[in-house]
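Given the structure of chain A, go ahead and fit chain B onto it with the hints provided.
2 protein chains.
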Amino acid sequence: MSSSKAVVLCSGGIDSTTVMAIAYHQGYDLYSLSFRYGQRHAIELEAAAQVSARYHARQHLVLDLPLAHIGGSALTTSLSIPKGRAYSAIGTDIPPTYVPARNTIFLSFALAWAEVIGAQDIFIGANAVDYSGYPDCREEYLAAFEHMANHALKATVEGSLRIHIRAPLLNLSKAQIIATGISYGVDYALTHSCYDPLPDGVPCGRCDSCILRAKGFQEAGIPDPALVKRSGV
Amino acid sequence: MSSSKAVVLCSGGIDSTTVMAIAYHQGYDLYSLSFRYGQRHAIELEAAAQVSARYHARQHLVLDLPLAHIGGSALTTSLSIPKGRAYSAIGTDIPPTYVPARNTIFLSFALAWAEVIGAQDIFIGANAVDYSGYPDCREEYLAAFEHMANHALKATVEGSLRIHIRAPLLNLSKAQIIATGISYGVDYALTHSCYDPLPDGVPCGRCDSCILRAKGFQEAGIPDPALVKRSGV
Chain A
36 MSSSKAVVLC
46 SGGIDSTTVM
56 AIAYHQGYDL
66 YSLSFRYGQR
76 HAIELEAAAQ
86 VSARYHARQH
96 LVLDLPLAHI
106 GGSALTTSLS
116 IPKGRAYSAI
126 GTDIPPTYVP
136 ARNTIFLSFA
146 LAWAEVIGAQ
156 DIFIGANAVD
166 YSGYPDCREE
176 YLAAFEHMAN
186 HALKATVEGS
196 LRIHIRAPLL
206 NLSKAQIIAT
216 GISYGVDYAL
226 THSCYDPLPD
236 GVPCGRCDSC
246 ILRAKGFQEA
256 GIPDPALVKR
266 SGV
Chain B
36 MSSSKAVVLC
46 SGGIDSTTVM
56 AIAYHQGYDL
66 YSLSFRYGQR
76 HAIELEAAAQ
86 VSARYHARQH
96 LVLDLPLAHI
106 GGSALTTSLS
116 IPKGRAYSAI
126 GTDIPPTYVP
136 ARNTIFLSFA
146 LAWAEVIGAQ
156 DIFIGANAVD
166 YSGYPDCREE
176 YLAAFEHMAN
186 HALKATVEGS
196 LRIHIRAPLL
206 NLSKAQIIAT
216 GISYGVDYAL
226 THSCYDPLPD
236 GVPCGRCDSC
246 ILRAKGFQEA
256 GIPDPALVKR
266 SGV
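Those sequence lines, one after another, are chains A and B. Positions in the first sequence are counted from 1; adding 35 to them yields the working numbering. Positions in the second sequence are counted from 1; adding 35 to them yields the working numbering.
Hints were generated in silico from the structure; no laboratory data involved. Each residue gets a CB set at the ideal place from its N, CA and C atoms; glycine is no exception. Incorrect hints may appear among the rest.
Quick partial rundown of chain A residues pointing at chain B, CB under 10 Å, derived from the structure [claimed, not checked]:
#1 Ile105
#2 Gly107
#3 Ser108
#4 Ala109
#5 Arg173
#6 Ala184
#7 Leu205
#8 Ala214
#9 Ile217
#10 Ser218
#11 Gly220
#12 Asp222
#13 Leu225
#14 Phe252
#15 Glu254
#16 Ala255
Derived list of chain A stretches under chain B, where covered just means 3 residues or more per stretch with a C-beta under 8 Å from a C-beta of chain B [unchecked claim]:
#17 53–64
#18 139–150
#19 175–183
#20 189–197
Extracted from the complex, chain A is given alone in its bound form (with noise of 0.2 Å):
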């Protein structure tokens, strides 16, 4: 078992909590990163907050960012969420909801963190499958990131610190994301997933996200705690 810190990048979905309790059954001590950019709810801050500590993360930041005043997403913006799509119609385009530049943004300020506190790790629930429409969650992108990395900190160019990216979940379907994290006693009853929640936090069913998750659960063959939690059974 290891003993090293590493940064976690922890949105409140299945994929980032998966990957929480895959770090955290290697030993490593957590340092769990989440941000608020603009997205249209809190409730997935609330999950990560919980996610974190489940897995007794040393330290929860929670960052603003101006991605509002950039633009371009309809995560951050007014533009229109898509809704009641066919699951075969997700990951063929790259849909309103991608954010410029967002894993640049968020892995730039782990790594910044991972330097201050001397982690070599920083964990990301990138997926390469289900979510194959977003550029920046493919195996090139990541493997570009951490070579960059490695030339921009005194740690690492002064050699005392060596970053690793690591995502474990890249090329698993959401299926096999939730089987892992059942696996590893993961509770996804904390975990949030949708885009666009109705007001009081419940999801909207027919988002993407909110889609990739339904059918995750269906094809791992168990509910979604998530909803069986709600529904009060």
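Frame of chain A; chain B shown alone:
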């Protein structure tokens, strides 16, 4: 003359102002980008606004970044800023004014904005000579960032955009930068360099940035117009 768009990182200092002049004279439509990131003084943002106006920036975007929450730098925390160092000592180490991953974070936001407005070029006043202590001001770092950037965006992956990181000052001394700017008619009285100015905005004259500025003007053989302006001569 090009009429393409360019994002220019603008701190209001000598280097970024010179870069702004270069990009302006190359015919770009300029989109100026500055950051309020917990630095000790607001005066550099006033300088950035004046410089952006002087070069007819189509837009001057000032973004708030939570770098102080990450820490690790004398510029964003209460760590002491070195004063009165000999010029020969500057650049032999990485000083406490280093901000972890600063250029990576700044360039990441520039990248997002570049995609939204359709700019191929991002200008940065990085300089490897007089600031050789900063790892993210070196050619290999900038090349690695550019490579990563071209894997990061919807527009670069789809082939509608190719990002170029332009650092025209990279291998110039401060005196050469000033001479270049003078040849373009830059008014350096607009610029601000000091890391730790007095409450009325007057430069301390003793931080590394003040020392490099003074040496640059001395070697360029001209008086610093900001000093001339202040002294009322």
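- Message: Quick check on the hint: Gly107/A CB to chain B CB, less than 10 Å?
- Response: 4 Å, holds
- Residue hint Ser218/A, partner chain B, criterion CB-CB below 10 Å: It is violated, given that the least Cβ distance between Ser218/A and chain B is near 32 Å, above 10 Å.
- Query: Mind checking, does the stretch 189–197 of chain A have 3 or more residues with a CB under 8 Å from chain B?
  - Reply: Since three or more residues must qualify, the claim that chain B covers the stretch 189–197 of chain A holds, with 4 doing so at under 8 Å.
- Interface hint for Ile217/A, Cβ within 10 Å of any Cβ on chain B: Given a least distance of 32 Å, the restraint on Ile217/A is violated.
- Hold the hint about Ile105/A up to the distance rule: shortest CB distance to chain B must be less than 10 Å. 5 Å, holds
- Task: Under 10 Å, Cβ to Cβ, is where Arg173/A needs to be relative to chain B, so tell me if that hint holds or is violated.
- Result: Arg173/A check passes; min Cβ-Cβ to chain B is 7 Å, inside 10 Å.
- Message: Using the nearest Cβ pair, does Gly220/A come within less than 10 Å of chain B?
- Response: 31 Å, violated
- Query: For the hint on Glu254/A, does the least C-beta distance to chain B fall short of 10 Å?
  - Reply: 27 Å, violated
- Item | Residue hint Asp222/A, partner chain B, criterion CB-CB below 10 Å | 29 Å, violated
- Holds or violated: is the Cβ of Ala255/A closer than 10 Å to a Cβ in chain B? The hint is violated - Ala255/A has no Cβ within 10 Å of chain B, the shortest such distance being about 30 Å.
- Does the nearest C-beta of chain B fall within a distance shorter than 10 Å of the C-beta of Ala109/A? Hint violated; Ala109/A Cβ to chain B Cβ min 13 Å, cut 10 Å.
- Message: For the restraint on Ala214/A, tell me whether the closest CB of chain B is nearer than 10 Å.
- Response: Violated, about 29 Å.
Violation of the numbered hints given earlier is confined to hints 4, 7, 8, 9, 10, 11, 12, 13, 14, 15, 16, 17; the remaining hints are satisfied by the structure.
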